[in-house]
Each structure stands twice: as structure tokens, then as C-alpha cells.
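So the protein sequences, as listed, match chains Y and B.
Converting from the first sequence to this note's numbering requires adding 23 to each position, the first position being numbered 1.
Converting from the second sequence to this note's numbering requires adding 23 to each position, the first position being numbered 1.
By construction, these hints were calculated from the structure, which means they are not laboratory data.
By construction, the Cβ of each residue, glycine as well, lies at the ideal position given by its N, Cα and C atoms.
Errors might be hidden in some of the hints.
Derived CB-CB ranges, DEER-like [said to hold, decoys possible]:
hint: 1; chain 1: Y; residue 1: THR187; chain 2: B; residue 2: VAL295; range: 18 to 28 Å
hint: 2; chain 1: B; residue 1: ARG151; chain 2: Y; residue 2: GLY354; range: 53 to 63 Å
hint: 3; chain 1: Y; residue 1: GLY296; chain 2: B; residue 2: PRO138; range: 28 to 38 Å
There are 2 protein chains.
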Amino acid sequence: MSGVMTSDRISLKRGAGGPAMRRLIDESFLRAFATDPQIPAGIIGVSAMGDSGAVRIGDRWLVMTTDSHVIQPLFFAGGDIGRLAMAGPINDLAMMGATEALALTCSVILEDGFPRADLDRILESMRRTCREAAAIVVAGDTKVIGKADFGGIVITTTGVGFATPLVRDAGLRPGDRIVVTGTLGDHGMAVMATRHDLLLDSDLQSDVAPINTLIRGALDAAAGAITAMKAPTRGGVSAAVHEMAAKSRVGVILDETALPVRESVRGVAELVGIEPLLIANEGKALLGVRADAVDRVLAAVRGHPLGRDAAVIGVCTEDRPGTVILDTGSGCRLLTEPEAELLPRIC
Amino acid sequence: MSGVMTSDRISLKRGAGGPAMRRLIDESFLRAFATDPQIPAGIIGVSAMGDSGAVRIGDRWLVMTTDSHVIQPLFFAGGDIGRLAMAGPINDLAMMGATEALALTCSVILEDGFPRADLDRILESMRRTCREAAAIVVAGDTKVIGKADFGGIVITTTGVGFATPLVRDAGLRPGDRIVVTGTLGDHGMAVMATRHDLLLDSDLQSDVAPINTLIRGALDAAAGAITAMKAPTRGGVSAAVHEMAAKSRVGVILDETALPVRESVRGVAELVGIEPLLIANEGKALLGVRADAVDRVLAAVRGHPLGRDAAVIGVCTEDRPGTVILDTGSGCRLLTEPEAELLPRIC
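Modelling step: build the complete structure from the supplied sequences, incorporating the hints.
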């Protein structure tokens, strides 16, 4: 067994995306909750545990998602922790097919001495983001704690909605195409650049945005032909595609030459030596689409203001289930899943 | 204006229950969310903002509640943070009439170095508490942060359920009786005693427990006659009754001689100089009940293992809306609402 498996203390390494974190969740949380055989009356099915889940109530799927947002700095080029904390659950719900009539809760933990003006600015940003998505906050909680090393504020948001239809991240089939709804790495690189004063005159901006209306358009354009969806947040497209491939038991070949990446992102990514495929996005989705529907879906996504740069970036194969191959144009290599988050505290 | 109103920084004083905290919530959060006129299609009504809310979806009320749990010590006589974090939302949902088919999410923030064995013990406690309530956890998130002054773990839980019927804390009417479902102050005193090694040979134990089945029994016994419900958690019965009275625009006269308080709780409360009325409970409810139904409700509550000590402790009046009078048996005095939590980090 590895050191991670036998450790008797939680380490920061587990706090980021990737296999180490997933092992912690698998070991502790799944054992506690996911295998409980007792399903209450009225709830017919429960999806696999993760940061999103679904319960079948009557003839509908109620989907739920939760995430705690810890980020430094709180305000960055193109967004802030408030926008992030609202777009996060809205997009996670959309990834399961719940794109309308979304209700959210919001729990805020503040460090003693947190500036009131910053709180007001964050709340205003949360309010605006909700309006864009036609989502509402129905309940909230606030706690103030002593000094802490988390940047002054942690926002935990939870969202619920009804999925029509329920979509999962595990439905890819051989032959399906992988569509990304826009450019890669904008969020992670914008936060990184803000943090290290690398913005200069760059137009680098986070892509953080609610994309539920974009996803609704895609679902309406190709009912039944979208086989899987996932938001490429922590760990970027690489982590998300790895997880989709593993859960769906297919291989994925990504076409590196097709990856949409802004020049400004590519520039900073090269400067800090990180592949755009590994960088977090906060306003993008990966869609698994049946080959015969990919043109319709692409047209629908590109017709949305947040989807103009959408592209087909990969194809699913029967071979090597769970692995992701990167076709560079001049050869292929195995894309490995990052063990720990390269850019911590980014979303 | 007071110092609290004009302060440009959030202070710990606001982290507890009571008027200071409510002002912060009123000023910042309500302004951001509650008055938003844009209600999405499919959501017909939104309740007033607080740590619980309800949206009308179709012909049903979906209720949601959220709370972040910060407590020291994590393990105390009669419970732990895990049981608290699960019983909290389950009971808050029950207070709105949602007692069955409850779905929860759970977001855990861990301090770097948190003992793995403690996490496992907490998770096992969460799992057991869910089983007692027939509630299920459908999604979770974990973050590990650096060193922090919050006791090693913060658990934010959010719950959803369908209310049948929807009950609020604002429905008291003159003549209604106030029923408490059991003894007062057990949770706060047990945590306090554990913290300061005052347990000695005492049988002092937290009352932390899910009471959704108890509430279901009360609702079934007197459909329509339960006019308001509230959990007397932070700030105890005093804070809860004050809030119910203010929202319902009634006065409340509490009968001090009728308050059920265990000897062990009374002992420690006297030792530390705090009234049991002000101490947090985590397995109790306050019910507003129409006078003609109070016997039926009391019988139903007392028939539940967690409701044996239920008592009628007050009556609502038209006079002095929003105020709470304590009838000591030898005279009456105005019960003032505590400005700040007397026992911080208790739930």
C-alpha cells in the first residue's frame, strides 16, 4: 500500500483533484454513505456518490450538488469567489440535465475581521450570477470563525433542480465524439496570473459563468444523443475526460490540434510550464455526443454567446477502457492523470 | 447607529445567534437575494430567506435548509459534530413539515493534519444518524485547507424534502399554546461541560437527535392545528420564541414553572450562571398549537421515545407583539433577547 493509503492524518495533497483525493472519498465517504442498503420510502433510486447526486422522486429525478469554494485571490481577472460559488452548482446541475428552476443554498464562513465591503461586493456578484441563470437562493447560513489560513471566506453552495432528462458522466459509448463548449484553461490561468501579477497587458480573463442555458440548447437540439456531460473544472479537461472514460469503460483519443486555447492562455501556460489540458475551467462543459448528432449539437452550442469556440476534440474507442490518448498530430502519447492539483485553491 | 451597524469589518460577535447576527444577514444577504423580483419559470413562490427556505414547484413545496457546523470539542457527552451536522438539517426540514424522503448533501472542510481516525468516527456517526431518520446523503465534497482556528473540521450540510403541509415559524396566533417537545438546555450544557471538564459523575448528555418521526406524529395527530414550528438551537428557547413572536406579530407569555429542565442541566447552568432558556438544544422543537388541539398533540409527542418530557410552556397574546414575557410564578418580567451567543461554537 502507498503512503497515501496508510496515512493516519489528512494531508493537503488530498485537498486537490486527482486520484489521491478520489481515494480519500472512496475510502471514507463512500463507505459511510453510498452502500447503505436502506433507501427511504418515496426515493426510488440513488445515483453514485460524488459532488452531485440524484434521487428519483415519483417519476422525476431531483438532482443535488454541493461544493465548498476556497480561492486566493478572492477577486481575479474576469470574476470573483461569489461568481464562482454560484456558477459552480448551477453548472454541475446542468451537467446532469437540470437547467431550469434551480434553487440554491449558500453557507458562508468568514474569518474574523473580514472587510465588510468585500463581502458586499461578493454578494452582489452572487446575486448577478443567479440572475443570469434564473436561479434563486432560498436559504443561507453565516458563521464567523477566528484566524484561519483560507483567504478570509469559504462559500459552500448547494443546488437542486429537476433533470429532464437525467444525464450522467458515465454514458460514453465507443464512437461517441467529445465536444468542448469553448476554450480551455481560461479560469485557472486568469487566477494564476492575478495571483502572481502576470496579467500585464494581457486580455486573460476567467471564463467563470453559468452555462445552464447553453446546455439546455444543446439538450434540446439532440434529445437522447448527448450520452454524457461533465464540467472540466479542477484538473481541467484531462481529469474530467479520465473520469468519464473510466466510469464509461471506454478509451478516449483527444486531438491536440483541435483543442481551442486562447493565445493569452497559451502564453502564460508556457511561461509557468503547465498544459492547458490540465487547467481548470469554470464556464465550460464536455459533452459526449453520438456521431450522427454532433453537427446539430455543435451548431446549437455555437449559437450561444458562451459557446462560440466550441469544438469536437475527441472520439471514444472500445480499446483500452479508462485510458486517454493524446494525438499530437505527429504521434500519440498516453495522457496521465495528475496525482495532485497543479494550481491549488483555484475554485 | 451602533458600532455594529457601521463597522467595516465582520467581527466574531456576529458569528453567534441573536440580533447582531440577524442584522448582518438582513443587511447583506437579504439585500442580495431575498428581494430579487425575478422568479424563474416553474417556481411559483419563495419563502422568506433564512437558513431554511421553500419553493413551490408545481403543486408541492420543496423545502431546503443549510447550515455550517463548527464546534469544539468535536466529540462531547451524547454526540459529536457528525451527528450534529446530520440531525441539524433533518430537524430544520421537519420544522417546515418535510419529515420523509429527505436527501442531504455534505461538504467537509478539513484542516491539514486532521486525524484520519477522527474523520472515520465522525462519518460513522453521520451514517448512523441518517439511518435513524431514513435520510440519505446523495452528494458530498471535501476540501483540505492549511492551519485554521476552527477545531479541525467544518461540516456544511444541506437538506431537501417535500413539505406536507408546509409549516412556517411565523404562523402563531393569539390563543395558540407553545409546546416544547422535551427538556431544555441538554445540548449546550453537555458541550460546555465536556469542554471544561465539568461532567464529573453527571448524567449530562446532549439531546442531539433527528426528530423528524416525532414531528410527523405530531402533524398527523392534528393536521392544520400546528400553526408554527421552530427548533430552539442557537440562543435556546428564548431566541426561537422571540423570532417566532416577532415574525407572527404576537406576544408570548412563557410559564417558567412549566419549563422541563433536567436536574443535571440545572446544576451546571447554575454553576456557570446561564439560564436554561438561553441554552442550545439539538433534538427539540417548539410547536405553536391551537388550544383545542393541544392535548392531542401533546399525547402524540409524548408517545415518541424522544418526546416523553414534552410540556405546554406558553401562550400567545395579542398584546405587545414581538415581546416575550416570563411568568416566574411570583411575577412577570420581560425576557430580553441575547445580543450575542453565550456559548460560542456549540452547534
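CB-CB spacing for GLY354 (chain Y) and ARG151 (chain B) relative to the 53 to 63 Å hint = 54 Å, holds
Is it true that GLY296 (chain Y) and PRO138 (chain B) lie within 28 to 38 Å of each other by Cβ?
-> 36 Å, holds
Range hint 18 to 28 Å: satisfied by the CB atoms of THR187 (chain Y) and VAL295 (chain B)?
-> 55 Å, violated
When the structure is compared with the earlier hints, a violation turns up for hint 1 alone.
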